[in-house]
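Engineer: Guided by the hints, dock chain B onto chain A, whose structure is given.
One line per chain: the protein sequences are A and B, in this order. Quick note on numbering: my numbering labels position 25 of the first sequence as 15, and the sequence is numbered without any gaps. In my numbering, each number is its position in the second sequence, counted from 1, plus 830.
Do not rely on the hints blindly, as some may be mistaken.
Said to hold, decoys possible - Derived coverage of chain B by chain A (criterion: at least 3 residues anywhere in the stretch with Cβ under 8 Å from a Cβ of chain A; other residues may be distant):
hint	region
1	835 to 843
2	861 to 867
3	870 to 879
Stated by the list, open to error - Over the 10 Å line for every Cβ pair with chain A, so calculated as not near, a few chain B residues:
hint	residue
4	G858
5	E895
6	T898
7	Y908
8	R911
Keep in mind the hints are simulated off the structure, nothing from the lab. Yeah, the Cβ is synthetic: ideal placement off N, Cα and C, and Gly gets one too.
Given next are the chains, with one letter for each unit.
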Amino acid sequence: MNKTIEPVWTAEDLLASIERRESFFVLDVRNRDEFARFRLEGREPLPAVNVPYFEMLELGGQDEMVDSVVACVEQHLAGQLPRDLPVLSVCAKGDTSEYVRQGLERLGYLSANLKGGMRAWGEYYSTRAVVEGPDLAVYQISRPARGCLSYVVSSNGKALVIDPLRHLHPYLELAQSKGFKIECVIDTHGHADHISGGTALASASGAPYHLHPYDAIHPMDVLPATIPYNAIRDGQLFKVGQVELEALHIPGHTLGLVALRIGDRYLFTGDSICIGSIARPDLGGKAETWAPLHGRSLRKLVGLPGKMIVLPGHFSSLKEQNEAGLFAAPLDDLKENNHGLQLLAQETEEGFIRYLLENLPPFQPEYVDIKRVNAGLLAPSEDEASALELGKNVCGLAQASGTCNGETI
Amino acid sequence: MSQPFDKLFDARGMNCPMPLVNARKEAGKLEPGQVLKVMATDRGSIADFQGWAKIAKNVELLGQEEETVDGAGVYVHYVKRTA
Chain A
-9 MNKTIEPVWT AEDLLASIER RESFFVLDVR NRDEFARFRL EGREPLPAVN
41 VPYFEMLELG GQDEMVDSVV ACVEQHLAGQ LPRDLPVLSV CAKGDTSEYV
91 RQGLERLGYL SANLKGGMRA WGEYYSTRAV VEGPDLAVYQ ISRPARGCLS
141 YVVSSNGKAL VIDPLRHLHP YLELAQSKGF KIECVIDTHG HADHISGGTA
191 LASASGAPYH LHPYDAIHPM DVLPATIPYN AIRDGQLFKV GQVELEALHI
241 PGHTLGLVAL RIGDRYLFTG DSICIGSIAR PDLGGKAETW APLHGRSLRK
291 LVGLPGKMIV LPGHFSSLKE QNEAGLFAAP LDDLKENNHG LQLLAQETEE
341 GFIRYLLENL PPFQPEYVDI KRVNAGLLAP SEDEASALEL GKNVCGLAQA
391 SGTCNGETI
Chain B
831 MSQPFDKLFD ARGMNCPMPL VNARKEAGKL EPGQVLKVMA TDRGSIADFQ
881 GWAKIAKNVE LLGQEEETVD GAGVYVHYVK RTA
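The following block holds chain A by itself, in its conformation from the complex (with noise of 0.2 Å):
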């Protein structure tokens, strides 16, 4: 039997695996430090083994890399390795791991590389139609490996972006490809786990950017924002086309947090609500005093009709996506299965915010500076900037499940 596979994985191709469902095993070379905050998951963590490529050129003793990882993999990893499944080289950039995979494919594995690495990962978008009609498009790009999700919401023709990414090609192909032009652009909040890309992407395309006030002045500097915006007001309409989207001020996670609302059928909730679990009140390092709010703007959202199709602004797993590929479901099926929602509906006012502050994940402190680049008080550097958004977003509560922050093992 010969089995062969593709050498080269891309990013699109490895996530049409992961939604095929199809098992591989992944051989990390990384550091280790950088394989703890950010490593490959799937639906289901992905077996994997994380061997720095220093220590396969120190374990395999040879002058060439190549040569290393035979030695290393022959002498070392022979039965942590699969020989019967894909195994999937894995670097941050994708170049070490190519002569890692040539190393694995001299001993005869089944063996890949996943082309620029879990940077390439990491910086990969999909885009998926939620609806697509002429008076009513809504499309949701997310950002797989790190949880971001953000939509265009369009109609006759003009468009309107919600928490667009930092990168802008996704936004700007769609509008090109479906001929829309984009006429004003919101952010939900001041993001603290990835750097907006809504200013830019405003500006590149002469559109209004939209944040409310209260998050516009950064929460632990106290500092204003340098950004241009225009200030949302609750109960706000913005007119695309010929829909209408009004804004809720649902503070809690940040003080200024809007969900927007399509009448009854569309709920984009920003991260206040999202498919597996609620957000965190303590992001601006104020949990005390944000959780309570966080909680009456929660309960100001379960009362919305039950139909109404929640589009999240983060997941915590690509378990969440629904059969169609995307996060998304109707308010009374997270009512009913959403851990936070379901103790929102049982627990009293202070039990509940008993549970927000007890269920708080790790702070991760590069938060505090990708606010700062969001509200303009800081100016990173391409390689800064990527390095900020390292790994997947913890904005949501911890789970039970211990899938929220990416370090299941």
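Structural biologist: Relative to chain A, chain B alone:
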């Protein structure tokens, strides 16, 4: 830092893993006690040289520094052969 060195290895322009693979070969040619200065443009080399020096035999990382040469960041590693 004015760290004295015996040999210079210029790995500028090389992508990972080549700065480390080739510097490792060069370090192997040194006499015990001698120091190799490595210049690299690959930012990842900072963490990689640290991790490598921790596990490699007969090698010590004396220091690292960041310079700007012709407007581009250069990462310098001083590697001593210890035995």
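Engineer: Would you assess whether Y908 of chain B, listed as outside the interface, keeps its beta-carbon beyond 10 Å of every beta-carbon in chain A?
Structural biologist: 17 Å, holds
Engineer: Taking beta carbons only, do three or more residues of the region 835 to 843 of chain B come closer than 8 Å to chain A?
Structural biologist: violated (count 0)
Engineer: Examine each Cβ of chain A, and state whether all of them lie more than 10 Å from the Cβ of E895 of chain B.
Structural biologist: 18 Å, holds
Engineer: Checking a non-interface call: every C-beta of chain A should be farther than 10 Å from the C-beta of R911 of chain B. Is that right?
Structural biologist: 15 Å, holds
Engineer: Three or more residues of the region 870 to 879 of chain B near chain A by CB distance under 8 Å?
Structural biologist: holds (count 4)
Engineer: Test the statement that T898 of chain B is away from the interface with chain A: the closest C-beta pair must be farther apart than 10 Å.
Structural biologist: Holds, since 13 Å exceeds 10 Å.
Engineer: Could you let me know if the closest chain A CB is still more than 10 Å away from the CB of G858 of chain B?
Structural biologist: 8 Å, violated
Engineer: Verify this for me: three or more residues of the region 861 to 867 of chain B with a beta carbon less than 8 Å from a beta carbon of chain A.
Structural biologist: Violated - the region 861 to 867 of chain B has 0 residues with a Cβ nearer than 8 Å to chain A, which falls short of three.
Checked against the numbered hints above, the structure violates hints 1, 2 and 4; every other hint is satisfied.
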